[in-house]
Amino acid sequence: MPPMPSPATLNPMGHPTATVQEALKALQSPDNAVRSASEAALGGFPLAQLLPALAQSVREDGVPSSEQHLAAILLRRCLQSRWNEVENSDPADTDALLQQTLECLLQAVLESSEGMVKKSAADAAAEVWRRKQTRSLEDAPVAIVARWLAEPELGQLETATALFRLFDRLCEDEEIAPRLTQTHGASLARKVALALQQGRGGGKESEACMTAALEALVTCVSSLPSSSTIRASLCDLAPLLLSVLFVSPSPALFVSSQQLAETFPQFFAGHHAALLELVVRVVGSHGADAGADDDVKAVALNVAVSAVTSAPKWARKNLNIVKPLLEVLADCCGRVTSDEETWSSKDREEDDDEEDRLAQEALALATRVAERLNNNAVLEMLLHICTSFLASDDWRRHLAALSLLAALLEEEHSSLSVIAHSDEVVAVCLLRLQSPHARLRWAALNCLCCLLQQEEREGSVTEREKNLLEKLLESLHNETNNRCRRKGLQAVAEFFSNFGADDDEGPAMDPEVYAQLSPYIEAALQNAVVPLCDSSDAQTQELALAVGSVLAQVSGQHFQRFFSFFMGAVRRLLSVDFPSFLKTHPHGCSLLETAVEFAGALATAVGMEVFAPDAPWLLERLVEIQNVCSEGTADASLQATAMEAVGIVAKVMGPAALPFLPAVSPIVLARVRQHVDCDFAEAIATGNEEAGASVSEEGRISKVNITDKSGRQTVISINTAAVEEKCAALRLLASLATGVGGQMPPDTAVEWAAAVTAESRGRFALIRKEALGALPAIVNCLSASDFGQFVRLSRESLALLVEAVKENSARHVSDFVLPAATQLLQNLSLEKERKEALKGLSALGERQDAGGEGATAAEAAFSLEERKAFLSQIFEAMGRFLIPILTEEFERLASKEGEDDEWENVDEDEEEATEVAAEAYDAVMQATGALFKLYGGECLASFDAHLKMPFGALLAHEQANPGGKVSALCIFADAITFGGAEAGKMYAEVILPAALLTVCPPSAALVEDDVYAVSAAAYGIGAVAMHSREAFLARREGAIEALTRALQSPVLQTDDCRSAADCAACALLKIALLYTREVGEQSATIFTELLKRWFPLKDDAQEIDASIDLLVNMVAENHILLQAAAAKEECRRVLLALLAEKTKDAESSKDEDKKLVAMWKKARVQKALELIR
64 MPPMPSPATL NPMGHPTATV QEALKALQSP DNAVRSASEA ALGGFPLAQL
114 LPALAQSVRE DGVPSSEQHL AAILLRRCLQ SRWNEVENSD PADTDALLQQ
164 TLECLLQAVL ESSEGMVKKS AADAAAEVWR RKQTRSLEDA PVAIVARWLA
214 EPELGQLETA TALFRLFDRL CEDEEIAPRL TQTHGASLAR KVALALQQGR
264 GGGKESEACM TAALEALVTC VSSLPSSSTI RASLCDLAPL LLSVLFVSPS
314 PALFVSSQQL AETFPQFFAG HHAALLELVV RVVGSHGADA GADDDVKAVA
364 LNVAVSAVTS APKWARKNLN IVKPLLEVLA DCCGRVTSDE ETWSSKDREE
414 DDDEEDRLAQ EALALATRVA ERLNNNAVLE MLLHICTSFL ASDDWRRHLA
464 ALSLLAALLE EEHSSLSVIA HSDEVVAVCL LRLQSPHARL RWAALNCLCC
514 LLQQEEREGS VTEREKNLLE KLLESLHNET NNRCRRKGLQ AVAEFFSNFG
564 ADDDEGPAMD PEVYAQLSPY IEAALQNAVV PLCDSSDAQT QELALAVGSV
614 LAQVSGQHFQ RFFSFFMGAV RRLLSVDFPS FLKTHPHGCS LLETAVEFAG
664 ALATAVGMEV FAPDAPWLLE RLVEIQNVCS EGTADASLQA TAMEAVGIVA
714 KVMGPAALPF LPAVSPIVLA RVRQHVDCDF AEAIATGNEE AGASVSEEGR
764 ISKVNITDKS GRQTVISINT AAVEEKCAAL RLLASLATGV GGQMPPDTAV
814 EWAAAVTAES RGRFALIRKE ALGALPAIVN CLSASDFGQF VRLSRESLAL
864 LVEAVKENSA RHVSDFVLPA ATQLLQNLSL EKERKEALKG LSALGERQDA
914 GGEGATAAEA AFSLEERKAF LSQIFEAMGR FLIPILTEEF ERLASKEGED
964 DEWENVDEDE EEATEVAAEA YDAVMQATGA LFKLYGGECL ASFDAHLKMP
1014 FGALLAHEQA NPGGKVSALC IFADAITFGG AEAGKMYAEV ILPAALLTVC
1064 PPSAALVEDD VYAVSAAAYG IGAVAMHSRE AFLARREGAI EALTRALQSP
1114 VLQTDDCRSA ADCAACALLK IALLYTREVG EQSATIFTEL LKRWFPLKDD
1164 AQEIDASIDL LVNMVAENHI LLQAAAAKEE CRRVLLALLA EKTKDAESSK
1214 DEDKKLVAMW KKARVQKALE LIR
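Heads up: the sequence shown begins at 64 in the working numbering, then just goes up one per residue.
Just so you know, the hints here were simulated from the structure itself, not pulled from any lab data.
Don't take each hint at face value.
Claimed, not checked - Just the calculated beta-carbon pair ranges, DEER-fashion:
(1) SER485 <-> ASP1172: 42 to 48 Å
(2) THR1206 <-> ASP1172: 16 to 22 Å
(3) SER560 <-> GLY1143: 52 to 58 Å
(4) PRO241 <-> SER348: 40 to 46 Å
(5) VAL318 <-> PRO241: 23 to 29 Å
(6) ASP457 <-> PRO314: 26 to 32 Å
(7) ASN439 <-> ASN147: 56 to 62 Å
(8) GLU473 <-> GLY333: 33 to 39 Å
(9) GLU922 <-> ARG634: 50 to 56 Å
(10) ASN439 <-> GLY333: 22 to 28 Å
(11) GLU1093 <-> ALA1189: 28 to 34 Å
(12) GLU1215 <-> PRO679: 23 to 29 Å
(13) PRO387 <-> ASN147: 52 to 58 Å
(14) PRO387 <-> TRP458: 19 to 25 Å
Quick reminder that beta carbons are idealized off the backbone N, C-alpha and C, glycines included.
Let the sequences and hints guide you as you build the complete structure.
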């Protein structure tokens, strides 16, 4: 190890203190060049010289405090960014350097006359101490804090503030913190009490000291073991803190109090009533500065909410505390400060209401309480509060109630409770549409919008719905306030959207529903859309067009009679000179975006036959928009919308869009290949050293300015417009590839694949996501047109994705890396199915072509040895990806075992981590299933080596991630289904006990949340029944009973849970067919009743296909169950229904591969029907 040069050997004149002090002066210059030169000069000194010189500047008398403060910040920054210069030097020399530096800094903490210098010196001292190779509680910084904590007095306020801060920073050392807090936690509590007692008198110095004391307390609590007796004693500080807040309601103290409540839920135990009294007092006060006053009120509300939501189990048992808190929050929801004229003048609905910050904060906090407690009683309290507010004479209370109802409807956890009272909500909203207060009318319309967004409806139109629509259209016709018009248009759009179909056929309404709503559609067009399309208010005009888009989409072919009028409007809007229009219209981009979206909706609605004459013109104008955007004249969002419209039009045109590809492709590829500028610049922040960030936009560039706690300022400049354009272009390539499919020229597909592959390695996750999302669709275009290129690109893309699993973050692997791999594997599976279908159809004499001959792409992509290596690599990559996630989850579960259940701190970060983990398990399961489907038993060795353990652990642990358990059930079921008898022997005993418990839990009835788990478990039971006879026989009776009880559950009788019923019914069918003799006489009854009630299956595609195979094979083998006439007749009925379904699929599918597979299934069913006669 090379010796570290001493300051004397590097600089014969000693430490470069004078030079450093000159540089510190220059760093505060307003001249960028001077500051840059000073930074460069400091950067030229070796760290071994620079640290003592900076420390000396912090300690030395006579140096201006601003320079001392900056020296401490710079010292900390240099340690963080340049530590590698001395890290590998002689340990003794390094420790000597650190000790020398530390002594100067600690002297500044104790002796400096400036509080700002003391605090920054404390931060730097802790950073220096953490760099020492060995640290203990006897080291100087800890010893100084310990001596001070042991003293009976607080001492000078600024020194106390710095020492609290030093304790806080020392606890950032994870190794020392538990011992430090356990040893000195009680002393810290006494010192915090002193700070709070002395701080009652007020003053900035006292407030700073109390804030630092509370921050140290938060850190201390976080570091103490959950079993520590010190934690309970800290609760004694709560009354003292509340008394201080009554006298001095400071935002900083409230923020620290909130951190305490979140970190240590027990802190306010027994004092929630006093806390609420404090909050009511603060919220009811009125200061001279309304803005600052609202800031204090908002943080006070946050403390009260955090004290409740951090311990939801306790809060649910103490709703008497929750109710008054909700009343305070609801009251604040109506605290609007701006007058109606100012409110009405708002140009865009999406702009923030700066004046109403307190009301917005209260709304967010009220819904947070509802979400975190997730309790029906809490929601009923809120609804009761809303009812009482609506009964008052104060319009602001009406506004608060409507705003609160809308906010609850927007939250997933609370929306169902409000929807249960939808008739009452509609009634109160319609009544308020007559109010003279525009804000109240707007709030009523907004509440209706939220209700309509959440409502799920089926069947014909009810009288209540017709009445609501009539009132909305009447209100819109009479409305004069632009903001209310906009919200009214949105409500009309939401209403009609609810009646659109939600399937692959498009959003057009059911014919019966259209017949009922047709008069209202015409009224909406004539009385709202057409007149308001010419509104002088830009956003009203845009929303009128948006309503027209919705009406076109839900009307489908029926919109043809309005097509010429609205296509004329689109032509007028898109025939303008784009550059000049954008210069003269402030919101021209938004209007053009809406017009482009309307054009796409028109094309989709009326179809190619009607749209054909206008298609070339529209594509030409969309290309022109691309050109204008490329010149930087327009927003990137307009280009993105135009690209999306190109994709929609191309989808409508189908193969007819091919002639336009040569014009579109170069523009799109240019957008894909454009360079995204991303620059990083660092500087030293002067002034406040606290961390923070700000974002600004200049043209196409976004700047993010970040200051960390060391004072390092980083400015990141990103061409976000280029990022948005790249993403839109990649999405368009995916859309075009999907729309044109196998008709795409192979050379074009290869060129696109190369461009997309290059972007999949980009530095921005957003771009990588869109690139990997587009890649499978583009590669799949070659499956029928160029087999060799399809094989090559599939192989290379899969290899790319194996590396991407290793290189990307866990969130990105789940979000887009593994889904792309899954889609590529599914492409290969579909190609394999197509060849099998061709062979089968040829054998039946229904096809003469030899397309089914030769190796499949999955076989051609890898030789046997290459395939073995590929499977090993991808399973190993997925295993390495999962192990840290699983380990972290199990560590969290272990840490909760010793917690007081009532005061369990439900951390939102933990909830998010649970969701992220569930997404990871699901992504691995999907990819693994695709691999097993493609390569069967060849996957078993790699799967067993890398994934059996993590997924087996999820099944075995009772409290494991619920989403992970579903994935585990699915992954073992897939392994057995496609791995055959060998996999059955390996995993039947792993999955079967867990699957039976899931399908029929012993202690509770099934609920809707169980649907995915029941589906997976039933699938697993069926897989074991088919492929592991020996293991299944021992549990056969239990399986039949469990599946039968599941199918009798009220939950599985509903349409929403039909997929789970499909899986359970299919599993029972497998048992009835494969274990007929073992089941005995019951087999015929089970089989007949099963077919009569549940078949043909409706929702689960995999089980539908499995049922076809089972029934077709049953007929071919002349199964013994078919000897019963009733069973035979039911089987024939199901086969006839399946034949009709597959005939429809074969005739309607636009994808040639899927059409071919559907034809093969149809032919098999038809053959079975011939045999069963």
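Each hint, compared with the structure:
1. SER485 <-> ASP1172: 42 to 48 Å: Given range 42 to 48 Å: holds, Cβ gap about 44 Å.
2. THR1206 <-> ASP1172: 16 to 22 Å: holds, 18 Å
3. SER560 <-> GLY1143: 52 to 58 Å: Because 54 Å falls inside the window, the suggested range holds.
4. PRO241 <-> SER348: 40 to 46 Å: holds, 42 Å
5. VAL318 <-> PRO241: 23 to 29 Å: holds, 26 Å
6. ASP457 <-> PRO314: 26 to 32 Å: Holds, at about 29 Å.
7. ASN439 <-> ASN147: 56 to 62 Å: holds, 57 Å
8. GLU473 <-> GLY333: 33 to 39 Å: holds, 35 Å
9. GLU922 <-> ARG634: 50 to 56 Å: Because 53 Å falls inside the window, the suggested range holds.
10. ASN439 <-> GLY333: 22 to 28 Å: holds, 27 Å
11. GLU1093 <-> ALA1189: 28 to 34 Å: holds, 32 Å
12. GLU1215 <-> PRO679: 23 to 29 Å: The hinted range 23 to 29 Å holds for GLU1215 and PRO679, with Cβ atoms some 26 Å apart.
13. PRO387 <-> ASN147: 52 to 58 Å: About 57 Å separates the Cβ atoms of PRO387 and ASN147, which means 52 to 58 Å holds.
14. PRO387 <-> TRP458: 19 to 25 Å: holds, 24 Å
Of the numbered hints stated above, none is contradicted by the structure.
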